[in-house]
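Protein chains in written order, with the numbering used here: chain A, 1 to 264; chain B, 1 to 582.
Don't take each hint at face value.
Claimed, not checked - Just a few of them, taken from the derived set where beta-carbon distance is under 8 angstroms, the chain B residues facing chain A:
#, residue
1, N185
2, E220
3, R332
Keep in mind the hints are simulated off the structure, nothing from the lab. Cβ coordinates follow ideal geometry from the N, Cα and C atoms, glycine included.
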Amino acid sequence: MLDTLKNRIEQGYRTSKYPKQTISLPERYRGLPTINQYADADIVAKCVKACPQNAIITDSNADPNLFKANESSRKMVDMGRCVFCGTCERVSNGKFITFTQDFGYSVAEKAHLLTSGTVPDLAKHSKQHFKKLFGRSLQLRQVSAGGCNACEADLNVLATPFFDLARFGINFVASPRHADGLVVTGPISRNMRTALLQTYEALPAPKVVIAVGSCAITGGPFRESPEVSDGLDSILPVDLYIPGCPSHPLTNLHALLSFFKDRI
Amino acid sequence: MTSSQSSSIETHKIPMQTENRKNIEQTEHSETRLIQTQFSEVTNGVAISRRDLPHLTFDDFRENALKLVRNNAKVVHFFGYEDDSKESSQNGNGGKIKLLALFRTNRVYRDRRYTLFAATCNAPDAYPSLTSECEPFHLFEREIAEQFGIVPDGHPWLKMVRYHPNSQGKPDAFGNDYSKDNDRNYYYTQDIPGNYPYYSVEGKEIHDVAVGPVHAGVIEPGHFRFNCIGERVLHLEIQLGYQHRGIENLIINAPFKRLPVIVEGIAGDTTVANAVSFAQAVEALTKINISDDAKKIRTIALELERLANHVGDLGALSGDVAFLPPANYCGRMRGDFLNMTLLICGNRFGKGLVRPGGVRFAIDSALCDEIMRRITELEIQVANVIDLLLITTPSVRDRFEDCGTVSRSDAHELGLVGTAGRACGLSYDARRAFPTEYYPNIDIPENAKSRGDVYARAKIRAEEVMQSIAIVKMLLSDSLIEIAPVELSFIETNFYEKDSKDYADFTPLAPDSFVVTINEAWRGELSHCILTDQTGKILRYKIKDPSFHNWSGLAMSLRDTGISDFPLNNKSYNLSYCGFDL
Ligand code: SF4
Ligand code: SF4
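If we strip away everything but chain A, and leave its shape as in the complex, we get (with noise of 0.2 angstroms):
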C-alpha cells in the first residue's frame, strides 16, 4: 500500500489544460499545411510528382469535379488523401508546402479538405442539432476497418490521464447501441465492410459518423487497392472528417469538441 500511494505522489498530476490554455506541439510536427502560391513552376511540378499519394493539386492534374467547388487556379494539398510524410516540404526546401504546428485542421465537409493554406471553423460549420443533442454527452462507438491501428491508438491515448476525454462527457463505450456516433478508422477492407454496416445499423438515430484518417478518408496508403474502399463517405454519409495519419490526439480532441461543444 506504502508503494502505490510513494508512486502516485511521483507520478504527480499530468492532466493538460487544453483547451483552456493552448498547448504547442515540437517544431517538426506536420500540421496544417501552407502553401505557397507564387511557387517557382518546376518546383511545384516536382513536388507534384514526389507526392506518394498525389494529394498536391494544380491546374494540370486537378479533378475538374472537385474543382468547381473551389477557386480554381490555385495549388491545394488533399489533406484526405495526404499522409503528412513531407515529402513535399523536403523536395521544395520549403518553398512551396509548408506544415504548421496548426493541428486543428478538421473538417466538416468533404470540399474543405482541399486546402491552401486555411480550413474554415470547424465550431461554425458544425450541425447545431448534434451540438444540442450531443454537446454534454456523447457516446461514441470505434471500428476498426483496415489500417494500421495507429489511428486507433491516438484515439484510444485520448483516455489517459494527459487527454481525460471523459472530463469532457465523450466517451468512448462497448456496444453500438449505447453509442450515439460511430468512428471509423482504416480504408474498409472488404472483409470488414459486412461488420461496419452492421455496426452502424445498431446504432441508433440521429447517429454521426466520423472518418479518422486518411485511410478511413480516401484509402490513404493502401488506396488503389482491390481490397479496400477508396473511402468511407462512398459507403456511408460522414458529418466530420479529421486527417492525419494518424491524427495527433490533439486534432482529435479538437475535432470533437469543436463539433459537439458548444463552448470550449
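Starting from the known structure of chain A, fit chain B with the ligands onto it as the hints suggest.
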C-alpha cells in the same frame, strides 16, 4: 567507428539479470553439429543474384526442408511467387509458380553461429503436405494454398488465413466460391468467414463462445472462438483476415515512390521496424551504404518503439487485473516515449523517419540533450512502476503466475519468436543473431525466462524496457557532437527527380536478385523479402510479422485456462492483426 566510440560502448554493457546467464549456457552450447543440406547459405541484408539460390526438384526441396527443421532449424519464410522467366520452365513439373523457403539455424556452420539457408523449387499443383510431418510449416502452407491455390495434401488444418481468393484463378483450395469484379479482381462471393470449419468439441456440457470481429474496446477486428467446458477453455480458435488490405500485391503494382508509405502502414505500432526492414532491402538491392549516424538514429527509433509498446502493454496488463494506478501511469509514460519519436521526426509512430539511404531527420546536440533529459527523468519512474507492478504487489503476481503457460517444447515446436518465445526459454533475439544497424556495436543480453506464463511475458518485457532505456541513453551520450544528417542524395535523384513519363515503371533495384532482411521488432522477428525480375521490378514482396508465428502461442496459452483469463493472456502477447492480415 572511432576508437573513443568503441571504448565508450564497451563500458556501456546493458544490465542483465542473473537468471539469464544460466540460460546462455543452456542454449549456446547445446547445438553444435554441422548440417549437410542442399539449401545454400544466404546472409541477412545482402542481395544475391537469384541464380545463386539453389533451384531444387520439389522432392529434394521437400526432403531438405524437413531435414533442416528436424535439425532444429526454424522456418523464417516459406512462400510462393510467380515467375515467367525462361529458366523457370526447366526442372520438371509445375507451372510458373515457384516456392521459396528460408530457414535460420543456430547450429555452427562455417564458424558462424546463426545461419540462414534458402532454396527454391517449382510448385506442383498439389503436393504431400510438409505439415503432416513437421508442424512449423502449418500456417505457411495454408498461406501458399490461399495465395496461389497450391494444395498441401494431408494438411491437418487446411483453412483460410486471410480470406481472399487465390491470384491464379485456380480452383479454391477451401471450397469457397469466387468471382471477378469489374476491374477483373477476384473476390469471394460470400462474406468472411465463408466456408470455415471451426474446430468443434462435442459433449453434453460443452459450449462455444464466439467473440468478434468487432470487439468491445478501441482495437482491431478478429474472430475468437472458444470451445469451453464450463469456464475452462479446451481450445481457442483464432480466425483472422478482417484487416486484409492486399499489401503484398499492392507493393508489386504501386509506383516506387509509394512504397515507403505503404510499408509504414503494415502495422502502425511497428512502423519503424517495418520501414527499416524495407529500407535495408532496398539499400542492399541498390548497393547503398548508409552512415553510422543514420544507423544510430534508426537504432534509437527502434528502441523507442519497443519502449512505447512494452510500457503500454505493461499498463494494459495491470488494467486487466484491475490494478489501476500502474495502468494509468504506463498509459501516460507510453505517450512520453511516443512523444520522443515525435520530437525526432514529427510523427508519434515514426512515420516519415526512415527512408532507403538513411533517415530524414538529424538529432543535433540540442535535441540530443532534450531526449536525454526526458528519458533520464522517465527512467526512474518507469523502474518504480515496474517494481510496484511485478515485485511488490502480491495480488498481481498471483494473477500473472501460472496463467497461460506454454512449455518450452511447445514454444519450440510452434516456432514462437520474440518476447513470447523468450518467455518460454527460447532466447533467440534477432538483434543478437542477425545484428543490423548499430546493433553489432551493442551488447544485447541474452534474455530468457523459463516459466512461459503471463508473468514471464511481463517480466521479459519489463527487463527489456530497462535495457532499451540504457541503449537509447548510450547512443545519445556516445558522441555528443551533432548526430549528423543522413538522407543521401540518392533518394532525391532516384525517387523524386527521375524524369520519366513512365514514372510508374521506374525502379532503382538490381535485376534478377533476392534479398532478405531480418530485424527484431518489439514483438519479435520481423522479416521482409524482395525478389526482382529481369528489369529490376519487384516480382514478389514478402512480409512476415512476428505475429504470424505467435498467434498459435496465444491459442496454446488458452488451453485449459479459465476463459476470464483471456484478456490477460491476450495482452501479454498483444499480437498484431493488421501485421498478420497484411
Ligand atoms: S506531405 Fe502530403 S502532400 Fe506532401 S508529399 Fe506527403 S502526402 Fe504529399
Ligand atoms: S491513416 Fe495512416 S495511421 Fe491511420 S490507419 Fe491509415 S495508415 Fe494507419
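Here is what the structure says about each hint:
{"no.": "1", "hint": "N185", "in the structure": "holds (4 angstroms)"}
{"no.": "2", "hint": "E220", "in the structure": "holds (5 angstroms)"}
{"no.": "3", "hint": "R332", "in the structure": "holds (5 angstroms)"}
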